[in-house]
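With chain S fixed as given, assemble chains Y, B and Z onto it according to the hints.
Chain residues, written in single-letter form:
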Amino acid sequence: MDKPKIGFYWCASCGGCEEAIVDLAEDILRITAAVDLVFWPVALDFKKEDVLAMPNGSMAAVFINGAVRTSEQEEMASLLRAKSQFVIAFGACAQLGGIPGLANQFSRDSILNYVYDGAPTVVNEKHVRPSVRCEDNNRTLTLPEFRSVVRTLEQIVHVDYFLPGCPPTPRLITSAIDALLTGKLPPPGSVLAPDVALCDQCPRKKSKPEQIRFAAFKRPHLTSMDSDLCFLAQGVVCMGPATRGGCEALCPAANMPCTGCFGPTSRVHDQGAKMLSSLSAAVDAKESDQVDAVLAGIPDPVGTFYRYALPASLLRFSANIGSAAVKETL
Amino acid sequence: MSNDESIRTGFYVCHCGHNISDVVDCTAVARYASTLAGVMVSRDYKYMCSSPGQELIRQDILEHKLNRVVVASCSPLLHEHTFRNAVAAGGLNPFLFQMVNIREHDAWVHADRAAATAKAQALVSAAIRRVALHKPLQATRAPIHPDVLVVGGGIAGIHAALTLANAGKKVYLVERQPSIGGHMAQFDKTFPTLDCAACILTPKMSAVRSHKNIVLWTYSEVAKVDGYVGNYTVTVRRKARYVDENLCVGCQECIDACVFKVPKFPDPFNLGMSMQKPIYIPFPQAVPQAAVIDPDRCIQLKTGKCKKTCVEACADRKAINLNQKEQLLEIKVGSIITATGFKLFDAKRLPEYGYGRYPDVMTTIELERLVSSSGPTGGELRLRSGKPPTAVGFILCVGSRDMRTNRWCSRTCCMHSMKLAQIVRERTGAQVTVFYIDIRAPGKGYEEFYDRSLQQGVQFVRGRVAEVSDCALSPDEAGKLVIRVEDTLAGFVRRVPLDLVVLAVGMEPQADAQEMRRILNMSCSAEGWFLEKHPKMAPVSTFTDGVFIAGCCQGPKDIPDSIAQAGAAAAEALALIDAGGIDQEPNTAYIRGEECSGCKSCISLCPYAAISFDAEKQKAVINPALCKGCGTCVASCPSGSIGQNLFEDQEVFEEINGVLDYV
Amino acid sequence: MRYHYFPGCSLKGLGRAYDESLRPVMERLGVELAEIDDWNCCGATAYMSTDHCNACALGARNIAIAESSGPGDIVAPCNACYLALNKTRNCLAGDSATRAAVQKALAVAKLTYTGTAAVRHPLEVLVYDVGINVIKRNVVRPLKDLKIAPYYGCQLVRPHCSFDDQWNPTAMDRILTALGARVVDFPLKTRCCGGSLTGTAPEAGLRLTHIILGEAQRRGADLIATICPLCQFNLDSYHDQIARRWGPARIPAVYITQLMGMAFGLPTEQLGLKRNFLPADKLLAAT
Amino acid sequence: MSDMNWQPRIVAFFCSWCTYTAADLAGVSRFRYAPNVRIIRLMCSGRIDPQFVLCALADGADGVLIGGCHPGDCHYAEGNFKTFRRYRMILRLLADMGVAGDRVRLEWISASEGERVKTVINEMVERIRALGPLDIPGRFAACDSEILESADAIRLPQCKETHDVVPEVVHG
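Each protein sequence line maps, in turn, to chains S, Y, B and Z. Under the working numbering, think of the first position of the first sequence as 1, with each following residue one higher. Under the working numbering, think of the first position of the second sequence as 1001, with each following residue one higher. Under the working numbering, think of the first position of the third sequence as 2001, with each following residue one higher. Under the working numbering, think of the first position of the fourth sequence as 3001, with each following residue one higher.
Wrong hints could be hidden among the right ones.
Said to hold, decoys possible - Per label pair, the in silico range of CB-to-CB distance: (1) Y/ALA1526 <-> B/GLY2131: 37 to 43 Å; (2) B/GLY2030 <-> Y/ARG1407: 41 to 47 Å; (3) B/ALA2046 <-> Y/GLY1429: 48 to 54 Å; (4) Y/ARG1384 <-> B/ASN2133: 34 to 40 Å; (5) Y/MET1537 <-> S/ASP284: 41 to 47 Å; (6) B/ALA2101 <-> Z/ASN3005: 32 to 38 Å; (7) B/GLY2115 <-> Y/ALA1625: 57 to 63 Å.
No lab work stands behind these hints, which were simulated from the structure alone. Cβ atoms here follow ideal geometry from the backbone N, Cα and C, with glycine treated the same way.
Extracted from the complex, chain S is given alone in its bound form (with noise of 0.2 Å):
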C-alpha cells in the first residue's frame, strides 16, 4: 500500500512553522518514513505544475502556514484544498491571522506608502510601486493582487483542523500527524490543543493572588520581572488566561509573559475582547481620569489584546479600511 501524500504550504509567514517542522529532529525521520512528502516548497523543488498534476483528492492531508493577504496565496490554498483529504491551518496566522493580521489596521495605501516611500530606510525617487502587470522589454510581467485585508485560512478555504501556536510545538505537531496516521481524529472543526486557558499548565499558577486589582500596567522591556512570580501579580499584561493551553508555557518559562498565539478557547469569539474586559475590570480606580490612567499602561489596545487574532476577531479589520472598499464597490 502506497504511503499517505503529505504536503506543507506557507503563505504570509514568517518561516518560523517551516522550522518548527525542521525542530521534529530525530521524529521527523519517524514521520518522512511513515509518509510521501510530496510538496514542500521551502524544502524540496516542487512547482505550482505538480500539484496541478495530481489528481483531486489525493494527498491525504496538507498543512497550510501563513495569513493569506494576496491573491497568489488564495489560488494555493484553493488548489491545495482541492488536492487534498484534509487541510490543517499550521500556525497562528493561518488559524488567527497571527502577526501579518495586525496589518488590518491599516488600509493598503497606507502600507504600501509607508513601505515604499514613508520607512526611514527607504530611497524611493520615482516613488514606484509595485503592480500586478508591467510591460518591460516586450515582456509581461506580473505580480500577485496585494488585497485589501489580511484574511485567515479559513476565510478562504474550508479548513479541517487548526493546529495553534507561534510557530506550533513539536510535540503538538507529531501528535497530530500521528492522529491523522492512526484516524484517531477529534470532531471535524477541532483546534489540535487543550481547549483550557494557559493557567492550567503554567508553572506560575500558584504564586497568582486570588484577590487581584491594577493599580498600574507594566510593559515587559520597561520592567525586572520576578523569574516565579505571575506576570498578572507583577502588573505585567500576560495574554494566559484568555489563551488555549497547549504551548507547555515556554514563555511563562522563559520569563516571558504570554502574549496570546493560541488564540482563544472554542467558548469565545473574541479573544481580546475577553482579555480587555477581565483586565479593565480589575482596575483600582473609579473615577474617570484615574482609570484612563491607569489604562493607559496598555498603549496599544490592539496590539495587546490581538496580537495574533484580528483578522478572526469580531471586527476583523479597521472600519475605515471597509470604508474604502464600500465606496470602491459603489
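Frame of chain S, contents of chains Y, B and Z only:
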C-alpha cells in the same frame, strides 16, 4: 440542547386590550413569528395575562407538544411570573419561557405603527432565537429568617412593629431620635375627628416599650445592610445616650440637679420655642422614659470638668454612665420595613413669606406646639408680643405644588390647616383666613370637616399669596403683617392685614433618604421618595425583595393612610415569613470545572465573595447560595468558562442577532 | 480687574450722576472699566416685547463688540440694560433660529457673537469680585448715623437673578453696612418704582413711587439707596405731585456709588450729588 | 450604503434594576421616543461582555447604548464601575479600529429617570443619524468581493453561527 429539530416553540402576542394593538399590528407580529425557526403555534390574543389567555398556553403545550414558549406583551418585571406559572401548568419547566416587552418598550412609547410593528418583530425574533437555547432550571428556595427589622419609630413604624409583634414575630424597632413617636407626637389633635393625638398615640408607644416581642432601640441608626431576602445581616449603630435606659426611671432628678440652673438650649421638640438642659427627656410622653445627654452641650463630656451633679442625683440607681460608647450591633432578620418618614419644608426658602424675619410668621408645626397643652405655652396661643391674635391667616402650599420648590401636593396641609384654623377659632375667637389654591379634602369625613370649618366662620380666599410684609399702606394695616394676594374668585388683588401668619409647610423626603436608599438597595422616585414596586399592585413592596415601605418615606400621606400602609407592610412581611421560604430567580453563575484554567481573574470581581479557589482541583468554584446573578464574572472570564443561567453568552448573542433582524 | 463697560443711554443722560460716581469709585477699588466702543441702545424692555429678534440683535451687537475687543465680562449698571442684555444672552443660548438670524445680521458688520462674556451688575462685581472687605478697607468717612433704605428695583431680580436672592436681595445691604451706615429693614426692596408709568399713566405710576417713599419715611430712613437710573429718577422727581396727593414723603434717593464715594472720601463734586432734585443734605452734612 | 430609507440601528443593553425599569417607567409615562433602539435586558451592566458590544456592531448595529445604575447605586454593589472601566477601554479599542467613539455610549439612568431614557435615546439616535451607517456586515461583504471568484468558501466568524459547531475538547 439547541438542536433545531427538537425545538417546538409556541408564540403568543397580547393586544393588552387596545394598549398594544392600537400601535403594534399584533396579527402581523403573529404572522411573522410563525415563519421563524421552531415556531409551531403563533397566536394573538386580547389579554394573554387573563385566565383564558393562560389556559391557551397550557392547552397548546399539551396539544402541540410545545417545549418552548414566548409571550410578547408587557414588561417581564410585571408578568413574567404569571406566564412562567402558565407554562408550568402545561407541564413544562417554567424557565423554557421568554417574555418580550412590546408594551412599555414599544406600543407606549412610539406612535408610528409601521416602526413599532417592525421593532416588535425584531424583539420577538430575538426571544424566539434565545428561547431555543433555554435549559430547564430549578428555582432555589431560600429560607426566611422570621425576625423583622422596622426602621423608624413614627406612627407607621410603631404600627407595623406592633402588628408583627402581636402575630408572634420578633421585631427590632430602630429609631434615630431618643424617643419614638415621630411627628405625630408633636400634634395636639388629629383631623377630622379632632381627637387628642397623644391619647391615641401614647398607648401604642407604651405598648411598644412593654411588648415582649419588640426590641426597641432608640437613638440608633441602621449603618449597614448585607444579604438578601430572608437572610439580611443588619448593623445598627447605637449612639451613646450616656444614660442606661434600663436603669433610668425617668424621675428627672438628674435634670433638676444639672449644673445648668435654667434650661438654655433650644428644645427641638418644641422647635426652639422652649429651652432644655444638656440632660433632658425629649418630651413628657417620651418612650423610653429615660434621660439623654447631649454630648455637645454637657460640660463634663465637652471638657471633663464638671461637678457631675447629675450623677450624684441619680445616686444608687447608677443610670448615668458618662463613659458610654457608641455600639455597633449586628442582627439577623428576614425582612425589613422602612418607615423613615419625612422632613418639613424649610419655609426660609421662600423669603417672600418673611419666615425668620417676622416673628409672627410661623409654620403649622410651630402653631401645633403652641396650641398643644403640653407645648411651651401650655396651649395658650399668644403672639410674640404676648397679646392674643385677632386675625390669623394660613398660607397653603408653602413648598408644595410649586415649580420653584416642590411640584407635588403634600396631601395633608389643607386638612392640617383647617384643623388648626378650627382650634384657633375655638380658642381665641380670632378672625381666620385660609389662602389656598385648591382645598383638597378627599378622605373619609374630610369634606364634612371642610364644611364645618366654613360653618365655624373660617374665611377662604382662593389665590396664591404673593408676599407677606409689614409695610402698611393704610392706618388699619399699621403694626400688622399684610398679605398681598390675588383673589382669583373675586378677580382683584387683596391686601389682608393679620397679626399671625401660619405657613402650611409641605413634606419633603428626609435629608438622608438617598443614603438610606443605598443602604437598603431601594430605588427613589425623581423627587426622592422611596419607590414602590408598582404604584397600584405592589404599593408597599420595593424592587428589593423582603424590603417594604410604609408611611411618608414613600410619599406624603396622613395618619390613617400611614397606618394602613404600615399594616399592609406588616402583612407582606408576615406572608413572607409564614410561607417559610422564597423562590429565588435561578440566574446564578456557574463554573464549568473542566474548562476553568484556574486563572483566578473572577475571584476579586465578585461582590459577594461567592467565588472561591479549590486548591486541590486548582479551579475556581461558585457557591450558588451566595451568587446573586449579576454576571460580572461571566463577562470577565477570559476563557469563557463561566456560564450564567438565564443569561448564557450564547443566549445573549442570539438576542443581539435577533434584535438586528430587520423585516 | 478689567471689565467692558456698557453705560447705556440713561447713564449719559438723566442718570449721569450714576456714571459720574461709578467711575471714580471703581477706580479707587482697582476695577478698570473700558467703555465699549461705539455701543448702542440696549433696546430696553419695550423693544424686546415688540420685536424679539431685532431686540436681540441690538443687544448682541454690544456684546459682540465687547467680546471682540478682548476677554472680560461686561458691566451694565442700569437695571434695564442689565436685564435686556441678559435676556439677549439667554435667548441666544437657547434659541438656535434667533441666534442664526442675529449672527447673520452681525456678520454684515463683521461681528460675531460668541456668548463668552457674561453681563454683570456692578453690585455683583462689588460684592463678589472686589469683596466687602476691600470696600470696608477703603472707607475713610464712615456713614454712621445715616439710616438708609436699600432699594433694588424690580429688574435686577426678575426674571433672572443669578447672584442674589430673588425676593430678598442683600448685596446692597452688605455694602451699606460696610460703609458704616444703618440699614433700614425695608420689605419693598424689589417692589416696582412705577417705571415709565410715572410718565404715561401718572395716577398709577406715582402711587407706586409714593408707596416706596412713604414706607421709607415710615421706617425712619434718611436716604434711599438705589442702583437703577429710572428708580432714582422716579423717587427723586415727583415729590411735589406726591405731596399734593398723599402728603409729603421727602426722602432723597441717591446711588449706592455716590454713597460709596462719600464714604471713600472722594471729592463731593466728583460724585454728581448736585444733580439731585431733592438734595441729600443729611449725607452732605454727615460726611 | 446610500439607502435614503436608512434608519439608525441601535442595540441597547440595560441593567434590570435601574435602566430597564426606567425604560418601563418611560412607557408608563407615555414618553414618546425614536423607535430605533432595541433593548436587551441583563441583570447588571456588569454582565456586558465587551464581546456583546463588538458582536452587535459586527452584526449590523450602527450604535450600542449601555445603561446602568448611577455610580454608588448598583444593585450588585459595584458592577457599574466594572462596566465603566471596560467601557473606557472599549472606546480606545474602537478608536483604533476606526469606529467613532460616540457610536458606543454609556449612560447611568436610575429607575426613576423615565424621561432621561427618552432624552438619551433620542440624542443617541440623532447622533448616529448624523454619523451615518456603520454597516460592518456591508464592509465585510465589500472587502470580500475581491476574493469571491478564487475562493471555494468564505467563512466568517459570526456570533450567530458558533453555537451549532462547538468542537469537543481534544487534549494534545
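Structure-based check of each hint:
1. For Y/ALA1526 paired with B/GLY2131, a C-beta distance near 38 Å keeps the hint of 37 to 43 Å intact.
2. At roughly 46 Å, the beta carbons of B/GLY2030 and Y/ARG1407 sit within the given window of 41 to 47 Å.
3. Hint check: B/ALA2046 to Y/GLY1429, Cβ distance near 52 Å, so the stated range 48 to 54 Å holds.
4. Hint check: Y/ARG1384 to B/ASN2133, Cβ distance near 35 Å, so the stated range 34 to 40 Å holds.
5. In this structure, Y/MET1537 and S/ASP284 meet the distance hint of 41 to 47 Å, their C-beta atoms being roughly 43 Å apart.
6. A hinted range of 32 to 38 Å for the beta carbons of B/ALA2101 and Z/ASN3005 is consistent with their spacing of about 33 Å.
7. Separation of B/GLY2115 from Y/ALA1625 is about 59 Å and conforms to the stated range, judged on CB atoms against 57 to 63 Å.
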